[in-house]
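**Student:** I would like the entire structure built from these sequences, with the hints used as guidance.
From first to last, the protein sequence lines stand for chains C and X. FYI, in this note's numbering the residues of the first sequence are 1 to 90. FYI, in this note's numbering the residues of the second sequence are 1 to 374.
Do not rely on the hints blindly, as some may be mistaken.
As the list claims (entries may be wrong) - Derived lysine-lysine pairs resembling DSBU-like cross-links, with alpha carbons at most 30 Å apart: (1) Lys-55(C) x Lys-39(X); (2) Lys-191(X) x Lys-283(X); (3) Lys-33(X) x Lys-136(X); (4) Lys-55(C) x Lys-89(C); (5) Lys-89(C) x Lys-283(X); (6) Lys-191(X) x Lys-39(X); (7) Lys-136(X) x Lys-291(X); (8) Lys-89(C) x Lys-32(C); (9) Lys-328(X) x Lys-55(C); (10) Lys-33(X) x Lys-191(X); (11) Lys-61(X) x Lys-136(X); (12) Lys-39(X) x Lys-89(C); (13) Lys-283(X) x Lys-328(X); (14) Lys-36(C) x Lys-55(C); (15) Lys-61(X) x Lys-291(X); (16) Lys-328(X) x Lys-32(C); (17) Lys-291(X) x Lys-328(X); (18) Lys-283(X) x Lys-36(C); (19) Lys-55(C) x Lys-32(C); (20) Lys-89(C) x Lys-328(X); (21) Lys-36(C) x Lys-328(X); (22) Lys-136(X) x Lys-283(X); (23) Lys-33(X) x Lys-183(X); (24) Lys-89(C) x Lys-36(C).
Quick caveat, the hints were computed from the structure, so don't treat them as lab data.
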Amino acid sequence: MTREVNPNASQTHRITLFPSPDPVTVLQQLEKRGFKVPYQCREGYCGACRMVLMKGSVDYIQEPLAWCGDSEILACSCVVAVDATVTFKA
Amino acid sequence: MAYQTFNQREFDTFSQPMFFGETVNVARYDQQKFPIFEKLIEKQLSFFWRPEEVDLTRDRKDFIALPEHEQHIFLSNLKYQTLLDSVQGRSPNVALLPLVSLPELETWIETWAFSETIHSRSYTHIMRNVLTEPGKVFDDIVHNPAIVERATSVTRYYDALIEATQRFQVQTDEWQASADGKKALRDLKRKLYLTLASVNVLEAIRFYVSFACSFAFAERSRMEGNAKIIRLIARDEALHLTGTQHMLNLMARGHDDPDMAEIAEEERDNVRQIFIDAAQQEKEWAAYLFKDGSMIGLNTDILSQYVQHITDQRLAAIDLEPAFGSPKNPLPWMDAWLQSDQVQVAPQETEISTYLVGALQSDVDTGALEDFEL
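**Tutor:** Laid out in structure tokens, this is it:
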């Protein structure tokens with residue numbers, strides 16, 4: 001029996017990102033690497049790009065207004081501070 | 001105890017829960033238990049816009065040229081949004097203000113509801129410009145079965161909460177302190193939690209089918225004035241849904257009233273079901289919109305997948321299991337329409353939110369003047 005793969009289902013990715021000399025947000029870094037990360041406002045208030053920070057740390061370039069759990073970050077509003085491993089669905 | 005417009009007791013705001021504590025007395029923001037609500041107020045004020053800023057003369061020509069089934073899609077969405085914002089323009093005030101206990105949250109609720117009244121006024125602006133007889137469209141909102149069915153599911157939690165609050169607040173202090181009173185209060189808290197969940201569904205899911213249709217018209221360069229207005233509405237709604245997510249998460253994670261944390265745990269399945277039911281209703285709504293034919297780039301299936309995508313995203317935001325296997329976004333162009341800095345209005349006509357952030361920098365260090373020579 002072959003396992004059916006739903007082409008519409010998103011997959012969970014686990015990616016490590018490194019600090020960048022330019023102020024490139026986590027969201028932009030992931031997009032440069034070809035991931036279609038969900039986003040909406042790109043200004044920190046809608047929460048669509050919320051993802052889990054597994055390791056490392058990020059600095060916020062704008063204060064996020066959307067809810068963020070203890071281990072969560074808003075990818076549109078932060079840059080990598082220390083090599084950061086994130087998991088997200090895309 | 002009855003609601004008091006100016007509570008004369010002295011109490012510590014930091015000891016108050018968001019709701020069901022002391023009624024707010026001084027509208028002061030120097031001490032804030034949850035400063036996020038003031039930040040939401042500031043953001044909402046920076047978003048201020050007026051429907052009349054958007055010119056709709058081209059939309060009238062576009063509308064006349066639309067085939068009949070697309071006119072049906074356009075007008076039905078407008079009716080549905082009119083219903084949603086009629087509810088949202090008043091209900092947060094009526095249902096939540098009698099219960100709120102923190103000044104920053106009280107003002108957020110008022111600011112939030114006020115911005116919904118701008119949305120309502122913008123629907124009249126759109127209808128006046130697009131139709132010769134807008135009255136008929138408005139009249140249909142209370143007769144059309146597809147809309148009326150939605151109205152019931154949107155408002156029943158609000159109405160149950162408002163009724164129970166009114167009953168509770170006319171009771172004496174003695175009764176409220178009795179076993180029956182405590183039971184009634186617990187029930188009231190449960191009603192509030194479910195209302196907040198259903199409001200979150202309204203703002204985070206129910207609006208998005210209409211948004212998708214409006215942006216799909218504009219992707220084909222049709223009804224672009226309308227899309228401009230809808231984009232401003234979508235920006236506001238994103239902020240509102242964040243406000244409700246904060247309330248739900250603060251309660252569920254035990255940062256607020258401990259009773260609310262228990263209720264949140266007990267109601268997990270029910271809340272998830274409210275989301276799933278709403279997703280189902282929105283899919284049915286999509287089928288109703290496209291009953292006489294779909295529009296380029298959109299059909300019932302794609303729109304249903306989008307509803308599932310967005311529902312799972314919203315469930316995850318309040319720590320609930322996705323219900324539809326987290327499907328991908330089938331309408332990637334939606335994201336571009338929902339992006340904040342893509343919202344273009346003439347700078348002299350609006351407050352640009354980014355101008356307000358860090359517009360003044362008062363911390364000058366000596367290094368800043370290093371290259372300066374006299």
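**Student:** Could you run down the list of hints and mark each one as holding or not?
**Tutor:** Hints and how they fare:
no.	hint	verdict
1	Lys-55(C) x Lys-39(X)	29 Å, holds
2	Lys-191(X) x Lys-283(X)	26 Å, holds
3	Lys-33(X) x Lys-136(X)	47 Å, violated
4	Lys-55(C) x Lys-89(C)	17 Å, holds
5	Lys-89(C) x Lys-283(X)	23 Å, holds
6	Lys-191(X) x Lys-39(X)	27 Å, holds
7	Lys-136(X) x Lys-291(X)	21 Å, holds
8	Lys-89(C) x Lys-32(C)	16 Å, holds
9	Lys-328(X) x Lys-55(C)	26 Å, holds
10	Lys-33(X) x Lys-191(X)	23 Å, holds
11	Lys-61(X) x Lys-136(X)	20 Å, holds
12	Lys-39(X) x Lys-89(C)	28 Å, holds
13	Lys-283(X) x Lys-328(X)	16 Å, holds
14	Lys-36(C) x Lys-55(C)	22 Å, holds
15	Lys-61(X) x Lys-291(X)	24 Å, holds
16	Lys-328(X) x Lys-32(C)	19 Å, holds
17	Lys-291(X) x Lys-328(X)	25 Å, holds
18	Lys-283(X) x Lys-36(C)	25 Å, holds
19	Lys-55(C) x Lys-32(C)	21 Å, holds
20	Lys-89(C) x Lys-328(X)	9 Å, holds
21	Lys-36(C) x Lys-328(X)	9 Å, holds
22	Lys-136(X) x Lys-283(X)	26 Å, holds
23	Lys-33(X) x Lys-183(X)	27 Å, holds
24	Lys-89(C) x Lys-36(C)	9 Å, holds
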